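*Asks:* Listed in order, the protein sequences are those of chains A and B. Numbering that gives the first Met the number 0 applies: residue 0 is where the first sequence begins, and numbers increase by one. Numbering that gives the first Met the number 0 applies: residue 0 is where the second sequence begins, and numbers increase by one.
Hint data in this document are derived by calculation from the structure and do not stem from the laboratory. It should be emphasised that the depicted structure is a prediction, and the values quoted were computed from it without experimental measurement. Treat the hints with care, since some could be wrong.
Said to hold, decoys possible - Derived, one-sided and incomplete: chain B residues facing chain A with beta-carbon distance under 10 Å: (1) Leu70; (2) Leu102; (3) Ala106; (4) Leu116.
As the list claims (entries may be wrong) - Selected chain B positions facing chain A (Cβ under 8 Å, derived; list incomplete): (5) Gly36; (6) Leu46; (7) Ala49; (8) His51; (9) Val54; (10) Val55; (11) Ala59; (12) Ala65; (13) Ala75; (14) Leu80; (15) Gly81; (16) Leu82; (17) Arg96; (18) Val98; (19) Ala99; (20) Arg120.
All residues carry an ideal CB built from backbone N, CA and C; glycine is no exception.
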Amino acid sequence: MAQRSRPLSPFLHYRWQYTNTLSILHRITGVLLSVGFFLLVYWLAAAAAGPAGYQSAVGILGSPPAQLILFGAVFSFCYHLLNGVRHLFFDLGHGFETRTARKSGWAVAIGALAFGLVLWLALRAGLGGGS
Amino acid sequence: MSLRSPLRRVTGFGSAKGGASHWYVQRVTAVALVLLGLWFVAALASLGGASHANVVNWLASPISSALAVLLVVTAAYHALLGLQVVLEDYVADHGKRLVALLLVKFALVVGAVIGVLAVLRIAFGVAA
Chain A
0 MAQRSRPLSP FLHYRWQYTN TLSILHRITG VLLSVGFFLL VYWLAAAAAG
50 PAGYQSAVGI LGSPPAQLIL FGAVFSFCYH LLNGVRHLFF DLGHGFETRT
100 ARKSGWAVAI GALAFGLVLW LALRAGLGGG S
Chain B
0 MSLRSPLRRV TGFGSAKGGA SHWYVQRVTA VALVLLGLWF VAALASLGGA
50 SHANVVNWLA SPISSALAVL LVVTAAYHAL LGLQVVLEDY VADHGKRLVA
100 LLLVKFALVV GAVIGVLAVL RIAFGVAA
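This is chain A alone, in the form it adopts within the complex (with noise of 0.2 Å):
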């Protein structure tokens, strides 16, 4: 068969390493961030809709699936953060070789983590009380 020999898109024939996923995550993080983009949008409007508006938002920002979606966007912050920063090194021409890819991937991995954890107690502390 002739279409056997034409060449495939590298995500069906590539072996799986684990710096693939962090590449796709960074695609996932920033549809999710996407998503968290027109939260703050609407919080922004709320605010400028006067005290009555800007509490009923609060009410539906606080909800547990617009938590839920509001902690997704958190950790993705994190590790798009960081993961973009890891790709500006990529494009500059830094950091190709598989060791060093494999430690700054795993640096990231685990620092958007830490990152992530730390800065959604900070907001919960910042934001929670007066709302």
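We have chain A; now place chain B onto it with these hints.
*Replies:* Okay, now just chain B, sitting in the frame of chain A:
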């Protein structure tokens, strides 16, 4: 040094059309968002409660409102460029891709305008 090919200069339509500037602006907005994003979460964490008075007080200061406007615009632009690549990669059908791209771009521009106007209303004291 220009990354444009001679053919691109001649026809105005290289194989990648506006690819080089798309790639470059994505990086420029990324660097800006590292700074704006860290400022934003640090400011939220030190707000001392998410009451309306606290939020309005914070956003009414000139520096906060300027940075908030920059954050909204830069985030929308960065999201637009990123989601465009995602859609172009995964939506093969040209008609569906066009519709999806238009919807995403319209939504992000509308979101950015609402966000900027909200910050300006607070900055100018309309939302007191």
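*Asks:* All the hints need checking, so say for each whether the structure fits it.
*Replies:* Tested hints:
{"no.": "1", "hint": "Leu70", "verdict": "holds (8 Å)"}
{"no.": "2", "hint": "Leu102", "verdict": "violated (13 Å)"}
{"no.": "3", "hint": "Ala106", "verdict": "holds (8 Å)"}
{"no.": "4", "hint": "Leu116", "verdict": "holds (7 Å)"}
{"no.": "5", "hint": "Gly36", "verdict": "holds (6 Å)"}
{"no.": "6", "hint": "Leu46", "verdict": "holds (5 Å)"}
{"no.": "7", "hint": "Ala49", "verdict": "holds (4 Å)"}
{"no.": "8", "hint": "His51", "verdict": "holds (4 Å)"}
{"no.": "9", "hint": "Val54", "verdict": "holds (5 Å)"}
{"no.": "10", "hint": "Val55", "verdict": "holds (6 Å)"}
{"no.": "11", "hint": "Ala59", "verdict": "violated (10 Å)"}
{"no.": "12", "hint": "Ala65", "verdict": "violated (14 Å)"}
{"no.": "13", "hint": "Ala75", "verdict": "holds (7 Å)"}
{"no.": "14", "hint": "Leu80", "verdict": "violated (10 Å)"}
{"no.": "15", "hint": "Gly81", "verdict": "holds (5 Å)"}
{"no.": "16", "hint": "Leu82", "verdict": "holds (6 Å)"}
{"no.": "17", "hint": "Arg96", "verdict": "violated (16 Å)"}
{"no.": "18", "hint": "Val98", "verdict": "violated (18 Å)"}
{"no.": "19", "hint": "Ala99", "verdict": "violated (13 Å)"}
{"no.": "20", "hint": "Arg120", "verdict": "holds (4 Å)"}
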